[in-house]
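Chemist: Chains L and C, in that order, give the protein sequences.
The first sequence maps to residues 1 to 257 in the numbering used here.
The second sequence maps to residues 1 to 262 in the numbering used here.
Derived from the structure by calculation, the hints contain no laboratory data.
Ideal placement from N, C-alpha and C gives every residue a C-beta, glycine not left out.
Where hints are given, some of them may not hold.
A short, non-exhaustive set of chain C residues, derived as facing chain L with CB atoms under 10 Å [claimed, not checked]: (1) 70; (2) 74; (3) 76; (4) 114; (5) 141; (6) 142; (7) 143; (8) 176; (9) 177; (10) 183; (11) 187; (12) 211; (13) 226; (14) 229; (15) 232; (16) 237.
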Amino acid sequence: MEAAMGLMRRIHPKHTETALSALLSLLPDHSSDLLSQVDQPLQVLCDVESGKEFILCEYNRDADSYRSPWSNKYHPPLEDGQQPSAALRQMEIEANDVFAIYRDQYYEGGVSSVYMWEDDNEGFIACFLIKKDGSKTGQGRRGYLQEGGWDAIHVIQVGPEDDAMAHYCLTSTVMLSLTTNDESSGNFNLSGSIRRQMNMDLSVADGHLCNMGKMIEEMESKLRNSLDQVYFGKTREMVCTLRPPSEVVQLRLPETK
Amino acid sequence: MDDHVYNLAASEAFPIYNKNHIISLEMPNRSGDVLITTFGELSDTEYLDPRTAQVAAVDHVKQECTDVRPAADEELPSPYIEEFRCDLDAEIIKYVGEAYKKGVCSVYCTNGKDAEGPGSDFELAVVITAARHSPQNFCNGSWRSIWNIEFKDELQTVELRGKMQVGAHYFEEGNVQLDASHECKDSTIFQSPDDCAISITNIIRHHETEYLASLEGSYLNLPDTTFKDLRRKLPVTRTLFPWHNTMQISLTRDITKELGIK
Numbered sequence: 001m002e003a004a005m006g007l008m009r010r011i012h013p014k015h016t017e018t019a020l021s022a023l024l025s026l027l028p029d030h031s032s033d034l035l036s037q038v039d040q041p042l043q044v045l046c047d048v049e050s051g052k053e054f055i056l057c058e059y060n061r062d063a064d065s066y067r068s069p070w071s072n073k074y075h076p077p078l079e080d081g082q083q084p085s086a087a088l089r090q091m092e093i094e095a096n097d098v099f100a101i102y103r104d105q106y107y108e109g110g111v112s113s114v115y116m117w118e119d120d121n122e123g124f125i126a127c128f129l130i131k132k133d134g135s136k137t138g139q140g141r142r143g144y145l146q147e148g149g150w151d152a153i154h155v156i157q158v159g160p161e162d163d164a165m166a167h168y169c170l171t172s173t174v175m176l177s178l179t180t181n182d183e184s185s186g187n188f189n190l191s192g193s194i195r196r197q198m199n200m201d202l203s204v205a206d207g208h209l210c211n212m213g214k215m216i217e218e219m220e221s222k223l224r225n226s227l228d229q230v231y232f233g234k235t236r237e238m239v240c241t242l243r244p245p246s247e248v249v250q251l252r253l254p255e256t257k
Numbered sequence: 001m002d003d004h005v006y007n008l009a010a011s012e013a014f015p016i017y018n019k020n021h022i023i024s025l026e027m028p029n030r031s032g033d034v035l036i037t038t039f040g041e042l043s044d045t046e047y048l049d050p051r052t053a054q055v056a057a058v059d060h061v062k063q064e065c066t067d068v069r070p071a072a073d074e075e076l077p078s079p080y081i082e083e084f085r086c087d088l089d090a091e092i093i094k095y096v097g098e099a100y101k102k103g104v105c106s107v108y109c110t111n112g113k114d115a116e117g118p119g120s121d122f123e124l125a126v127v128i129t130a131a132r133h134s135p136q137n138f139c140n141g142s143w144r145s146i147w148n149i150e151f152k153d154e155l156q157t158v159e160l161r162g163k164m165q166v167g168a169h170y171f172e173e174g175n176v177q178l179d180a181s182h183e184c185k186d187s188t189i190f191q192s193p194d195d196c197a198i199s200i201t202n203i204i205r206h207h208e209t210e211y212l213a214s215l216e217g218s219y220l221n222l223p224d225t226t227f228k229d230l231r232r233k234l235p236v237t238r239t240l241f242p243w244h245n246t247m248q249i250s251l252t253r254d255i256t257k258e259l260g261i262k
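Only chain L is shown next, with the shape it has when bound in the complex:
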């Protein structure tokens, strides 16, 4: 299992799904661990009632069906599928509406879904999901990307209220892949995933949704920034280490003479 996780941490993100299915057949005893610990690209279904798309994950799954946040119905239909409490469902509806606006402002397209459920210690858990296809055939506004995907998973555990305060523990994962392709520079692909955690104690006066939203917004900005600056930067540094750009070579030459 350790070796399997080591592999999944290092393997090319493009091959995640293939590798995961291979591991599942090699290690059937660990299938539930593998499925819960390995992040896979998000899948989408269309809610037949509202005509809107929703995202599938472990948190809206019951048996082989998935609950849509829009109609609150399972697809394919499931009798006695798990449902959040009425109060939580109310917050879920609101969260989906607000998060859709948030998503549109940052992503200019994409699909989002929010799911909530009670947990065992009087608090609740919320899962915010975003999937964006930024390719030029998808929803890439500028048409730069041959292929481009961004999947974000935010899971927030909200503790019970205590003295008008609550503890929020956010775990976020972003998986992305972008490919550009043109005559002069060939095929250029960057892909990967990172996961971070953030803990905060906040006053509930502003409401849970406001607190969770602000945390997610801050986290997404941080993740985007570190992917852009740190992770892509490091791969660029590596290329320059292998073959220093010519200015560097020219600068170095006089010294060696």
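Keeping the supplied structure of chain L fixed, place chain C upon it in accordance with the hints.
Modeler: Positioned in the frame of chain L, the structure of chain C alone reads:
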């Protein structure tokens, strides 16, 4: 896992990996590195090093060169071809020494190696690799370029086809990989071995330098253009999202109206 199954799987997987990544292995008698490529592959475990005219015995799984022997005459090109190969090798070594930090290169004859003199076509292949593994810094990378060079006797031309592949992997608290490749073509005139060597090397230098510049360009375009199609740095409104207004559902409708989104 079953040791036998493991060994069997490893013995199949390693040669494929080693050849795909064109790994370089140090030869035991200090005669430099041998590249593991299909161009130099004489058998499953034997690889030719044309520069030293040696054949290296290789343990694929340990990624070690275990032994070397002098190459037999029939494993080497004719003196006529060898002159072209050797002159090109000398120029490429100079170029790789200048352009790459830790580059390894080799020139193979891939077709027509027994031609005794002018009048027949032949092909050479230039292989350049540079790899860096620094797991302590959570990153690895590799540059591979393969140039197929066709010497066409009748047309008196030399045609080049190049393929460059660059990979980089950074995995400190994450897993991000670069995977880039580019193919190109060029040609020059058929000349004497030393003149061919210089013009071919110039062509390779030119294309590889341009490709590196275009990679830099792709990186520079990332933050403001390419990445923006996935997620913007700031919302279209250029201010942080007004989460405080969402306490009441009625207010969310106001936001919606304000932004003109339905």
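Chemist: With reference to the structure, classify each hint as holding or not holding.
Modeler: Now for the hints, and whether the structure bears them out:
1. Restraint check, residue 70/C versus chain L: the minimum CB separation of about 33 Å is more than 10 Å; hint violated.
2. Hint on residue 74/C is violated. Least Cβ distance to chain L is approximately 36 Å, over the 10 Å limit.
3. The interface hint given for residue 76/C is violated, since its Cβ lies 31 Å from the closest Cβ of chain L, which is over the 10 Å cut-off.
4. Using the Cβ-Cβ criterion of 10 Å, the hint placing residue 114/C at the interface with chain L is not satisfied: the shortest such distance is roughly 35 Å.
5. At a threshold of 10 Å, the smallest CB-CB gap from residue 141/C to chain L is about 4 Å, leaving the interface hint in force.
6. A distance limit of 10 Å between C-beta atoms decides the matter here; for residue 142/C the minimum to chain L is near 7 Å, and the interface restraint holds.
7. The interface hint given for residue 143/C is met, as the beta carbon of that residue sits about 4 Å from the closest beta carbon of chain L, less than 10 Å.
8. Interface hint status for residue 176/C: upheld, as the beta-carbon distance to the closest one in chain L is roughly 3 Å, under 10 Å.
9. A cut of 10 Å between beta carbons decides the hint on residue 177/C: the least distance to chain L is about 6 Å, and the hint holds.
10. Among the interface hints, the one on residue 183/C holds; its C-beta lies about 7 Å from the nearest C-beta in chain L, closer than the 10 Å criterion.
11. Checking residue 187/C against chain L: minimum C-beta separation of about 18 Å lies over 10 Å; hint violated.
12. Against a cut-off of 10 Å between C-beta atoms, the interface hint on residue 211/C holds, since the closest Cβ of chain L lies about 7 Å away.
13. Checking residue 226/C against chain L by beta carbon gives a least distance of about 5 Å; that is within 10 Å, so the hint holds.
14. Taken as an interface hint, residue 229/C checks out: its beta carbon lies about 4 Å from the nearest beta carbon of chain L, inside 10 Å.
15. Taking 10 Å as the C-beta cut-off, the interface hint given for residue 232/C holds, the closest approach to chain L being about 5 Å.
16. A least Cβ separation of about 6 Å between residue 237/C and chain L falls short of the 10 Å threshold, and the interface hint therefore holds.
Going through the hint list in order, the structure does not satisfy hints 1, 2, 3, 4, 11.
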